[in-house]
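Chains A and B are the protein sequences, given in the same order.
Going left to right, the first sequence walks through residues 3 to 323 as this note's numbering numbers them.
Going left to right, the second sequence walks through residues 3 to 323 as this note's numbering numbers them.
There could be a bad hint or two in this list.
Each pair may be met inside one copy or between any two copies, as identical chains are not told apart.
To be verified - In silico SDA-like cross-links for lysine to any residue, where the CA-CA straight-line distance does not exceed 25 angstroms:
no., residue 1, residue 2
1, K124, G294
2, K71, P246
3, K313, S161
4, K158, N64
5, K137, E100
6, K137, L241
7, K228, S308
8, K71, A178
9, K124, Q211
10, K313, A292
11, K158, V54
12, K137, T119
13, K137, A248
14, K313, T185
15, K71, Q43
16, K228, E280
17, K313, Q225
18, K313, R261
19, K31, D272
20, K285, P221
21, K158, F58
22, K313, M260
23, K158, D42
24, K158, Q225
For the record, the hints were derived by calculation from the structure and aren't laboratory data.
Treat the numbers as computed from the prediction; the structure is a model and nothing was measured.
Given next are the chains, with one letter for each unit.
Number of protein chains: 2
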Amino acid sequence: MMKTAFSYAVIGTGAVGGYYGSLLQRSGKEAHYLLHSDYDQVKRNGLTIVSVDGDFALPQVNAYNDPRKLPRCDVAIVALKATANGILSDILPCVLNETGIVLLLQNGFGQEDFIATISGVKTIVAGLCFVCTTKTGPGTICHQDYGSVILAQFTKDGSPGGITQVMQRIAADLTAAGVSVTTSPDLIDARWRKLVWNIPFSGLTTLFQADTARIINWPPMQQLVKDLMQEVVEGASTLGRIIPPAFVDKMIADTRNMRPYFSSMKFDLDAGKDLELEAMYRKPLEAAAAHGRRLARIEMLYEELSFLQEKNRGWGKRANI
Amino acid sequence: MMKTAFSYAVIGTGAVGGYYGSLLQRSGKEAHYLLHSDYDQVKRNGLTIVSVDGDFALPQVNAYNDPRKLPRCDVAIVALKATANGILSDILPCVLNETGIVLLLQNGFGQEDFIATISGVKTIVAGLCFVCTTKTGPGTICHQDYGSVILAQFTKDGSPGGITQVMQRIAADLTAAGVSVTTSPDLIDARWRKLVWNIPFSGLTTLFQADTARIINWPPMQQLVKDLMQEVVEGASTLGRIIPPAFVDKMIADTRNMRPYFSSMKFDLDAGKDLELEAMYRKPLEAAAAHGRRLARIEMLYEELSFLQEKNRGWGKRANI
Numbered sequence: 003m004m005k006t007a008f009s010y011a012v013i014g015t016g017a018v019g020g021y022y023g024s025l026l027q028r029s030g031k032e033a034h035y036l037l038h039s040d041y042d043q044v045k046r047n048g049l050t051i052v053s054v055d056g057d058f059a060l061p062q063v064n065a066y067n068d069p070r071k072l073p074r075c076d077v078a079i080v081a082l083k084a085t086a087n088g089i090l091s092d093i094l095p096c097v098l099n100e101t102g103i104v105l106l107l108q109n110g111f112g113q114e115d116f117i118a119t120i121s122g123v124k125t126i127v128a129g130l131c132f133v134c135t136t137k138t139g140p141g142t143i144c145h146q147d148y149g150s151v152i153l154a155q156f157t158k159d160g161s162p163g164g165i166t167q168v169m170q171r172i173a174a175d176l177t178a179a180g181v182s183v184t185t186s187p188d189l190i191d192a193r194w195r196k197l198v199w200n201i202p203f204s205g206l207t208t209l210f211q212a213d214t215a216r217i218i219n220w221p222p223m224q225q226l227v228k229d230l231m232q233e234v235v236e237g238a239s240t241l242g243r244i245i246p247p248a249f250v251d252k253m254i255a256d257t258r259n260m261r262p263y264f265s266s267m268k269f270d271l272d273a274g275k276d277l278e279l280e281a282m283y284r285k286p287l288e289a290a291a292a293h294g295r296r297l298a299r300i301e302m303l304y305e306e307l308s309f310l311q312e313k314n315r316g317w318g319k320r321a322n323i
Numbered sequence: 003m004m005k006t007a008f009s010y011a012v013i014g015t016g017a018v019g020g021y022y023g024s025l026l027q028r029s030g031k032e033a034h035y036l037l038h039s040d041y042d043q044v045k046r047n048g049l050t051i052v053s054v055d056g057d058f059a060l061p062q063v064n065a066y067n068d069p070r071k072l073p074r075c076d077v078a079i080v081a082l083k084a085t086a087n088g089i090l091s092d093i094l095p096c097v098l099n100e101t102g103i104v105l106l107l108q109n110g111f112g113q114e115d116f117i118a119t120i121s122g123v124k125t126i127v128a129g130l131c132f133v134c135t136t137k138t139g140p141g142t143i144c145h146q147d148y149g150s151v152i153l154a155q156f157t158k159d160g161s162p163g164g165i166t167q168v169m170q171r172i173a174a175d176l177t178a179a180g181v182s183v184t185t186s187p188d189l190i191d192a193r194w195r196k197l198v199w200n201i202p203f204s205g206l207t208t209l210f211q212a213d214t215a216r217i218i219n220w221p222p223m224q225q226l227v228k229d230l231m232q233e234v235v236e237g238a239s240t241l242g243r244i245i246p247p248a249f250v251d252k253m254i255a256d257t258r259n260m261r262p263y264f265s266s267m268k269f270d271l272d273a274g275k276d277l278e279l280e281a282m283y284r285k286p287l288e289a290a291a292a293h294g295r296r297l298a299r300i301e302m303l304y305e306e307l308s309f310l311q312e313k314n315r316g317w318g319k320r321a322n323i
């Protein structure tokens with residue numbers, strides 16, 4: 003049997019990884035953070051969470067700027083931008099122990115297939131985060147709203163993985179850290195449900211530099227949001243996953259009730275970073291296209307965002323990422 | 003029979019009305035121009051056309067700032083923005099003589115139905131202008147590219163109006179003025195053909211503040227342009243008008259070959275003016291919807307543009323028009 007408590011290596015200590023890592027550490031779990039540009043600051047001052055649930059600071063954290071210096075852990079929390087996943091081939095073999103668990107906190111589709119090929123990775127649990135957090139400075143994360151996580155087991159053939167023991171242990175740790183957790187027996191179903199919100203709002207807040215409240219309160223855009231959500235439901239149905247209409251209605255209602263929010267994609271655009279267009283748009287479109295279904299509005303949003311990114315780069319010049 | 007030469011009243015002496023009015027005047031036709039904000043300047047200095055076909059100036063023109071001072075003419079060239087058509091009820095009864103001809107140089111759909119109700123209007127010929135012109139200052143118009151006009155006769159029931167004698171006379175005048183003119187027996191068909199270009203490029207140059215070359219040279223956007231054009235073709239087909247695929251291909255090829263261009267809608271946005279969204283998007287969408295067809299991408303572009311306009315107005319504050 004596995005030892006009593008999981009230790010956690012946080013790969014990508016940004017808005018998401020820093021937030022959940024800090025919650026786990028605060029609840030007494032062993033946590034180690036891999037950092038890049040924020041290393042000096044975090045090594046010196048730790049992490050600060052400014053949160054609607056109450057602010058807290060961890061003045062001392064285990065910070066590393068080199069994966070080989072990080073002690074091997076049971077679970078690697080991968081919370082990089084999906085666009086940076088290429089570097090995981092160098093990182094995960096150094097930071098995982100024989101347990102070999104990856105907790106993948108990323109949006110979008112199909113990242114697991116690549117991660118599963120990396121040496122030392124034995125099991126992947128995806129954590130779908132319904133959370134509004136923003137890194138506002140080195141080591142400082144603002145938690146604006148929500149925070150729940152859906153956990154689901156990755157399987158190579160895409161079949162439902164059920165509720166595994168590893169999922170249950172991670173769920174217990176996150177619950178003890180104060181996170182609202184649910185477990186899903188079917189990752190594909192959970193991913194498409196998450197896309198119901200992400201596909202309209204990541205794209206539209208970025209395209210228009212307008213927050214969720216502006217969008218949902220302008221009737222033609224509310225119609226567009228509903229139509230985009232409906233296309234996600236159609237996409238899911240091509241893979242045999244049935245999302246009920248009530249789920250779409252709830253996403254609309256939740257958006258109305260949440261504090262005005264910009265997606266992290268919008269902040270990536272502002273910072274001249276690559277947008278997560280492949281994981282969030284292209285791969286779901288491909289999955290539906292493989293079953294003969296074109297999703298016109300999602301396709302259009304993807305095309306528009308790719309053009310906006312190109313414009314933002316100064317038409318053909320590459321940005322510093 | 004009608005007298006030898008038509009006289010022309012230009013209502014809306016902007017990029018389009020000023021351009022074609024000047025060409026008619028230069029060729030010896032009697033032309034009278036109704037102006038508003040540019041009146042003083044044009045009264046004093048006339049009109050200047052900076053054109054790829056050769057610059058010319060008309061230092062003295064018949065300029066008026068009051069429709070009641072304008073002598074009655076055979077033809078009123080209506081070249082206002084469609085959003086300003088409401089004022090035509092006050093203008094046309096003053097400027098038309100018993101001939102009562104309107105030459106409507108506007109994009110989009112369904113403006114004729116309203117204009118046909120105005121006292122003194124007896125016949126409406128629509129002129130669909132394939133021209134890239136921009137008003138660059140009071141009385142100064144820059145003609146960048148193209149310039150041809152398709153003329154078609156309006157009929158109240160939307161049936162093909164044939165090639166009428168009035169159309170032929172206007173065609174002769176425009177041809178003598180150096181304009182490439184073709185006549186269409188079917189206004190509805192001609193309008194939808196024009197929308198094949200206008201729907202993608204008016205909207206996308208406005209939405210992205212990007213010129214036609216940027217758009218057509220970015221492969222995902224070229225795909226979007228083609229898909230939007232295909233939806234226009236579908237819309238036309240619901241009204242029994244068949245636009246062949248070669249027409250779409252030609253529009254793409256022409257756009258590639260033309261000088262980089264921003265639509266007038268983009269300049270309207272920059273100037274804080276109302277966008278021609280009703281005439282260019284909503285009415286064609288309604289026409290297709292009346293035959294049970296939703297055009298997803300055109301609908302989305304309309305929704306996005308309406309949101310952009312709302313944002314541009316400062317979220318709910320009305321702009322000065």
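Here is what the structure says about each hint:
Within a single copy, K124 and G294 get their C-alpha atoms no closer than 33 angstroms, and across copies no closer than 53 angstroms, so neither meets the 25 angstroms cut-off. In the homo-oligomer, the alpha carbons of K71 and P246 never lie at most 25 angstroms apart, since the shortest distance is 47 angstroms inside one protomer and 66 angstroms across protomers. Neither within a single protomer nor between protomers do K313 and S161 lie at most 25 angstroms apart by alpha-carbon distance, with minima of 40 angstroms and 44 angstroms respectively. For the homomeric pair K158 and N64, neither the shortest alpha-carbon distance inside one copy (33 angstroms) nor that between copies (78 angstroms) is at most 25 angstroms.
Proximity of K137 and E100 under a CA criterion of 25 angstroms is satisfied in neither setting, with 32 angstroms inside one chain copy and 71 angstroms between copies. For a Cα distance limit of 25 angstroms, the shortest separation of K137 from L241 qualifies neither inside one copy, at 35 angstroms, nor across copies, at 53 angstroms. Both within a single protomer and between protomers do K228 and S308 lie at most 25 angstroms apart by alpha-carbon distance, with minima of 22 angstroms and 16 angstroms respectively. Taking CA atoms no more than 25 angstroms apart as the test, K71 paired with A178 passes in neither setting, with 28 angstroms inside one copy and 83 angstroms between copies.
Proximity of K124 and Q211 under a CA criterion of 25 angstroms is satisfied in neither setting, with 40 angstroms inside one chain copy and 48 angstroms between copies. For the homomeric pair K313 and A292, neither the shortest alpha-carbon distance inside one copy (30 angstroms) nor that between copies (37 angstroms) is at most 25 angstroms. Taking the closest pair of Cα atoms, K158 and V54 never come within 25 angstroms of each other, the shortest separation being 38 angstroms inside a single copy and 62 angstroms across copies. Within a single copy, K137 and T119 get their C-alpha atoms no closer than 30 angstroms, and across copies no closer than 60 angstroms, so neither meets the 25 angstroms cut-off.
In this assembly of identical chains, K137 and A248 lie within 25 angstroms of each other by CA distance neither inside one copy nor across copies; the values are 33 angstroms within and 51 angstroms between. Neither within a single protomer nor between protomers do K313 and T185 lie at most 25 angstroms apart by alpha-carbon distance, with minima of 40 angstroms and 40 angstroms respectively. With identical chains, the CA atoms of K71 and Q43 are at most 25 angstroms apart within one copy only, with a shortest distance of 18 angstroms there and 75 angstroms across copies. Proximity of K228 to E280 under the C-alpha cut-off of 25 angstroms is found in both arrangements, the shortest distances being 22 angstroms within a copy and 22 angstroms between copies.
Taking the shortest Cα distances, K313 and Q225 sit within 25 angstroms of each other only across copies (17 angstroms), while inside one copy they are farther apart (27 angstroms). Proximity of K313 to R261 under the C-alpha cut-off of 25 angstroms is restricted to the inter-copy arrangement: shortest distance 19 angstroms between copies versus 30 angstroms within a copy. For a Cα distance limit of 25 angstroms, the shortest separation of K31 from D272 qualifies neither inside one copy, at 35 angstroms, nor across copies, at 55 angstroms. Proximity of K285 to P221 under the C-alpha cut-off of 25 angstroms is restricted to the inter-copy arrangement: shortest distance 18 angstroms between copies versus 29 angstroms within a copy.
Taking the closest pair of Cα atoms, K158 and F58 never come within 25 angstroms of each other, the shortest separation being 39 angstroms inside a single copy and 71 angstroms across copies. When the C-alpha separation of K313 and M260 is checked against a cutoff of 25 angstroms, the pair qualifies only between copies, where the shortest distance is 21 angstroms, while the shortest distance within a copy is 31 angstroms. With identical chains, the CA atoms of K158 and D42 are never at most 25 angstroms apart, being 39 angstroms at best within one copy and 75 angstroms at best between copies. In this homomeric assembly, K158 and Q225 never come within 25 angstroms of each other (Cα to Cα): the closest approach is 36 angstroms inside a single copy and 33 angstroms across copies.
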